[in-house]
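Engineer: Quick mapping for you: the protein sequence lines, in order, are chains A and B. According to my numbering, the first sequence is numbered sequentially starting from 54. According to my numbering, the second sequence is numbered sequentially starting from 16.
Bear in mind the hints are in silico, worked out from the structure with no lab data behind them. Be careful, since some hints might not be right.
Below, a sample of chain A positions facing chain B; criterion: calculated Cβ distance under 7 Å [claimed, not checked]:
(1) Ala182
(2) Glu186
(3) Arg216
(4) Glu218
Label pairs and their in silico Cβ distance ranges [as the list claims (entries may be wrong)]:
(5) A:Asp254 with B:Gln497: 11 to 21 Å
(6) A:Val250 with B:Gly393: 31 to 41 Å
(7) A:Asp254 with B:Thr492: 19 to 29 Å
(8) B:Glu415 with A:Asn167: 49 to 59 Å
(9) A:Asn123 with B:Gln620: 51 to 61 Å
(10) B:Gly393 with A:Asn167: 31 to 41 Å
(11) B:Gln497 with A:Ser165: 39 to 49 Å
Heads up, simulated SDA-like pairs for lysine to any residue below, C-alpha to C-alpha not over 20 Å straight-line [unchecked claim]:
(12) A:Lys213 with B:Lys412
(13) B:Lys363 with A:Ile225
(14) B:Lys412 with A:Pro163
(15) B:Lys484 with A:Lys299
(16) A:Lys271 with B:Arg481
(17) B:Lys484 with A:Pro217
(18) B:Lys435 with B:Asp504
(19) B:Lys365 with A:Asp236
(20) B:Lys412 with A:Glu218
(21) A:Lys271 with B:Glu480
(22) B:Lys363 with A:Asp266
(23) A:Lys213 with B:Ser476
(24) A:Lys271 with B:Lys363
(25) B:Lys363 with A:Pro217
(26) A:Lys228 with B:Lys363
(27) A:Lys213 with B:Glu480
Every value quoted in this text rests on a predicted model; they were computed, and no experiment measured them. All C-beta atoms in this analysis are idealised placements derived from N, C-alpha and C, irrespective of residue type, glycine included.
What follows is each chain in one-letter form.
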Amino acid sequence: MIRLGFYPGCSMEGGAREYQESVIALAKVFDIELIQIPDWNCCGATAAHNLNKELSLSLPTRILALAEKNELMDIVVPCAACYSRLTVTNHELNKDKSLADKVCDVIDMPYSGNVNVLNIIQFIQKYIADKLEEKVTTPFNYNVACYYGCLLVRPNGILKFDRPEDPQTMDILVKKAGGNAIDWAYKAECCGAGMSVSRTDIVARLSGNIIRDAVERKAEVLAVACPMCHSNLDMRRPEINKFLKKEVDVPVLYISQILGLAVGLDAKTLGLQRHMVAVNLPEKKAEQPAPITNTIKTEA
Amino acid sequence: MARVGVFVCHCGENISATVDCEKVAKESGDLNSVVFSTDYKYMCSDPGQTLIKEAIKEHKLDRVVVAACSPRMHEPTFRKACSEAGMNPYLCEMANIREHCSWVHPKSEETTAKAGDLVRTIVEKVKKNKPLQAIKVPITKTAIVIGGGVAGIQSALDIANCGHKVIMVEKQPSIGGHMSQLSETFPTLDCSQCILTPRMVEVAQHPNITLYTYAEIESVDGFIGNFKVKIRRKSKSLDENLCTGCGLCTTKCPKKKIPNEFERGLGNRTAIYVPFPQAVPNKPVIDRENCNYYQKGTCKVCEKVCPVQAIRFDQEDQIIEVEAGALVVCTGFDVLKPNFFPEYGYGKYKDVIDGLQFERLASASGPTKGEIRRPSDGEIPKKIVFIACAGSRDPAKGIEYCSKICCMYTAKHAMLYKHKVHDGTPYVFYMDIRAGGKMYEEFVRRAIVEDDTKYIRGRVSTVFERNGKLIVRGADTLMGAQPVEIEADMVVLASAGVSNPDSEELAQRLHVSYDAYKFFAEAHPKLKPVETNTAGIFLAGACQAPKDIPESVAAASGAAVKVAALFSNSELTREPVVAEVNRQAPPVFSTCTGCFLCEKVCPYQAIEREEIKDRNGNVIKTLARINKGLCQGCGTCVALCRVKAIDLHGFSNQQMYSEVMALLNF
C-alpha cells in the first residue's frame, strides 16, 4: 500500500464531490491510500494573489508545511488551481530564501520547500500509468476530447509540465484506457474560469467555442482535470446551448472517472450521476479499442 | 646590477586626475636599481616614446618600466620603442596604473600609494626578465575551407585569387549551400541561383582550388601555419574521372520516391542522384541507405545503363591527409526542427511549411517550377499567413536570440507571393520589424505599401485545421491585443536559424570554442570577428550566428584577408611567452618526472612526449616537451606541474615571487 498526501481544496468538498470520489476510488484500485492533509486550509485561489503576495504565499505554505509535518512528501492535488498555487509557492520559496523565512514566520511553522506537488495527471503518470493497461477491463472505447484548460500546463517555466500549447499527457492516458483521444483545436483555450458567476455570457461564449469544436470533431466525451473547467463546461451547458443555438449533450468527465470506468469501477462509485449533463454513453464493443489516430509526428 | 628606468604616464587626465604622477615618479627613483625616473603627459605619443629612447641611451638603461595603461593596450608600442633604442624588447614591462588603479579609485593619497606599489612590483619583476627572441614558425601556404556555401565560396575564391592554394571540403554532394536553395534575394530580388552558380563554377575551375565534395573533416592536428588535416572522402560509388555527368543513371534508377533534401522534402529524388540541376560538380552520388543494391543486393541498373562504366559499387571511403597553414570554417546553419512547434502544427498539417520550403516553391527550378502551389493538393493558396519569429526570441523555448534574416525574407516571401498570385492576400504576424541594412527598410515598406501585405503585430498562439482551412489564431497588439483568427490556405513559419546538429562535435575536433547555442565563437565580438581563439583557424558566415548573404560574404572576405596576411610571410613570428620544460645534464635530464598532468590540462594540445634514449636506442626517460608553435602561454601547465619543471618565459616563477615579495615589502 502506497500512502500519499491528498489536498482536496474547497471544490472537491462541494461542487466537485465526484472528482474526489473518483480519484480516491481509482487510487484504491491501484493500492494507493490518499491521506487528507490534516487541518488543511484554503489555497488562496484567485483572490489572494490578486490582493496580497505574502498572503497568497502564506496560505499554500501552511498546507505544504502541514504535509511535511505529517511526512507526506508527495501530495496529490487534483484541482488545477490549487495545484498551480501550491507549485508556484514552492517555486517562489525556493527562489528566495529571505521570502521563505518571512512566510514561515507568518505561518509560524517551518517548511523546507521539498514537498512534491503532483497534479492529477502527474499522480497517475507516476503511480498508476505503468499498471494501467493490465488493469483495463472495459476499454473506454469512445472519441475523447482531452481538455487541459489553462492552469494545468501554465506557466510552463514554473510547472515544467507538458507542452503548454499542445499538451499530450492526458491524451496518452486516455489512449492507455482504450480511448481514442482526438486531435482538436481548443485543448488549452480559456473556458471562462471565474467569470462563471459574474459574467455567464462570457463563459457561455468561451466554453461554447470549446464544446462546439469538440463536437464538430466527433467527440463523444470531454475529459477534464479541473473542477472549474468542469463546472463551466457542464453546469453552464444551458447557457452554452443557448449560445450555440442547439442542444449539445456531450458529457464532461474527469480523467479519473474515465480511467475508473476503464478499470471496471461502477458509475455510482465514480459519481457519474452527479453531473448536470447526464452521462449516457452508447454501448460499444469492449474488445475493440478505437484506432489511435491523429498522432503528431515528432522528430527524435 | 640592472639599470632600470621608470616612465610614469599621465594619460592626459586619465591617470593624473586621481594619481599624483609626479610623486610616483619621484618615489620610484629611490627604488633599488632604478637609475632614472620621470613622468610625462602622453608617454605613448611620439615625444613620449622619444623620451624613453633617449633616456635608454643617456642613462645606459637595460630595463624599462612604463607605468601607464594595460599592457593589452600599449605593451607592443613601448617594446618596439625600446627595441629601436637597441634594447631587447622583452626587457620592457608595463605597470598598469590606469585600469588597475586610477580608473577604479577616487583621488587620494592611497590611490597614489597603490600606483607606487604597482610600479615597485614591476620593477622587481623586470630585474629578473631575460632577453627573449621572437619565435619563428614556418608556414604551409595552403588554406582549407570547410563548407561550400556562399561564405566558403567567397573565402576560397578570395584566398585563391591571392595566389594561395585552397582545399575546399563540402559535406554535401554539391557546393552551393543554403543560398542555392533560395529563389530570389532581398532587397534587390535578384535570382539567387543566377548570382551564385557562376561563383560555384569558378570554384570548380580555379587552378588554385581543389574541391572535395561529399567529404568531411576527420581530424585536425598541428598548429597555425602547420596543420595536419585528415579528410574523409565518402564514397560516391562512382569513378568521377570517367563520369561525364550525362544523368542517364538518375533517370533509370528504380527508387524514385526518396524525399529530396534540396527541395526540403517537397520533391522526390532517386537513390543515385545529383542534388539539383546546377550542382557543382554535376556528377551523381549513390545514397547507399536508399539504394536497392546496397540494401537488398540486387538492381545495379545504373551500372548497366552507364555509357562509360563509371559506377563503382565496391568503392570505399577514402581518408586523405593534407597539410595546411590555415583553416576557414564556413559550415553554415540549420533551420529549427519541426517538433519545436506543436502548436503551429508543423509536421501535422502539410500546408504548414517553413521559409526554406517556401523558397523552393517560389524557385523556378523548384518542385512547382516557381508556381506557388500548396503541398497538400497543389491548389494555389489565396491566403497565406507568414509567422515571423517562429522559435526566435522565445526564451521559454530556449532560443533567446533574434534570427536576424527572417524579417527580411518574410517581407520578400509576401512580395514574391503577391507577384505570382495577384488576387492572393499575404498576412504577416510579427513582433517587431527589424530591417536594419542598406535598402532593407525601404524593401519592407514596399511589401506593405505596394504589395499590400497585411502586417499584424502580435504572436500566433495556435494553428489548427477546420473544414480544410488552416485557422491561425493570434493577437493584434496594436488593436489592444484583440484576438484575431485568419482562415488561411497555407502557413509559412519563419523558423529560427540554429547551429548545425554536428557543430559541437566539429568545434571540438577543431579545438575552437562555441557558444551556448553551439554557434562557433569569434575571438572578440567586435575587434576579432573572424578569428577564433585557436590561432590559424578563422570563421565566416552563419556558423557564427544567423547572417544574411551580404554579411556572410563580408565575413568570408575578412577571413580570407586574415589568411592572406598570414601567408604573406615566409615565416610566422610569435610572442616568445611560452612555457618550457627545464633540461639538465645527464643523468637527470630534467626535473620532469613524466607524469603528464600538463598534457591533460593543456587547452591547446601543446604538450608533446619526448623520449630520452641511450646510445643503444633504449628509452631512459620520457619527458614533457612544449610545442612552441602551439603554446599560447596560458601557464596552466606551470601551475599544475608537481615538480616545478615547467616555467613560463616572461612570467617565470621567480619573477612572480619577486613581484609578491615587493608587495609585501620584503
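Engineer: Work down the list of hints and note, for each, if the structure agrees.
Structural biologist: Hints, one by one, checked against the model:
1. Ala182: violated, 21 Å
2. Glu186: violated, 25 Å
3. Arg216: holds, 5 Å
4. Glu218: With a closest approach of 3 Å, the Glu218 of chain A hint holds.
5. A:Asp254 with B:Gln497: 11 to 21 Å: holds, 18 Å
6. A:Val250 with B:Gly393: 31 to 41 Å: violated, 52 Å
7. A:Asp254 with B:Thr492: 19 to 29 Å: Once the Cβ atoms are compared, 25 Å apart, the range 19 to 29 Å for Thr492 of chain B and Asp254 of chain A holds.
8. B:Glu415 with A:Asn167: 49 to 59 Å: Because 30 Å falls outside the window, the suggested range is violated.
9. A:Asn123 with B:Gln620: 51 to 61 Å: Cβ of Asn123 of chain A to Cβ of Gln620 of chain B: about 58 Å, so the range 51 to 61 Å holds.
10. B:Gly393 with A:Asn167: 31 to 41 Å: violated, 58 Å
11. B:Gln497 with A:Ser165: 39 to 49 Å: The hint (39 to 49 Å, Cβ to Cβ) holds, given that Gln497 of chain B and Ser165 of chain A are roughly 46 Å apart.
12. A:Lys213 with B:Lys412: holds, 12 Å
13. B:Lys363 with A:Ile225: OK: Lys363 of chain B and Ile225 of chain A at ~17 Å, within 20 Å.
14. B:Lys412 with A:Pro163: Violated, at about 35 Å.
15. B:Lys484 with A:Lys299: violated, 24 Å
16. A:Lys271 with B:Arg481: holds, 13 Å
17. B:Lys484 with A:Pro217: violated, 23 Å
18. B:Lys435 with B:Asp504: Roughly 16 Å separates the two Cα atoms, so the pair holds.
19. B:Lys365 with A:Asp236: holds, 15 Å
20. B:Lys412 with A:Glu218: holds, 12 Å
21. A:Lys271 with B:Glu480: holds, 14 Å
22. B:Lys363 with A:Asp266: holds, 18 Å
23. A:Lys213 with B:Ser476: holds, 19 Å
24. A:Lys271 with B:Lys363: Within the cut-off at roughly 19 Å; holds.
25. B:Lys363 with A:Pro217: holds, 17 Å
26. A:Lys228 with B:Lys363: Status holds; Cα separation ~19 Å.
27. A:Lys213 with B:Glu480: violated, 27 Å
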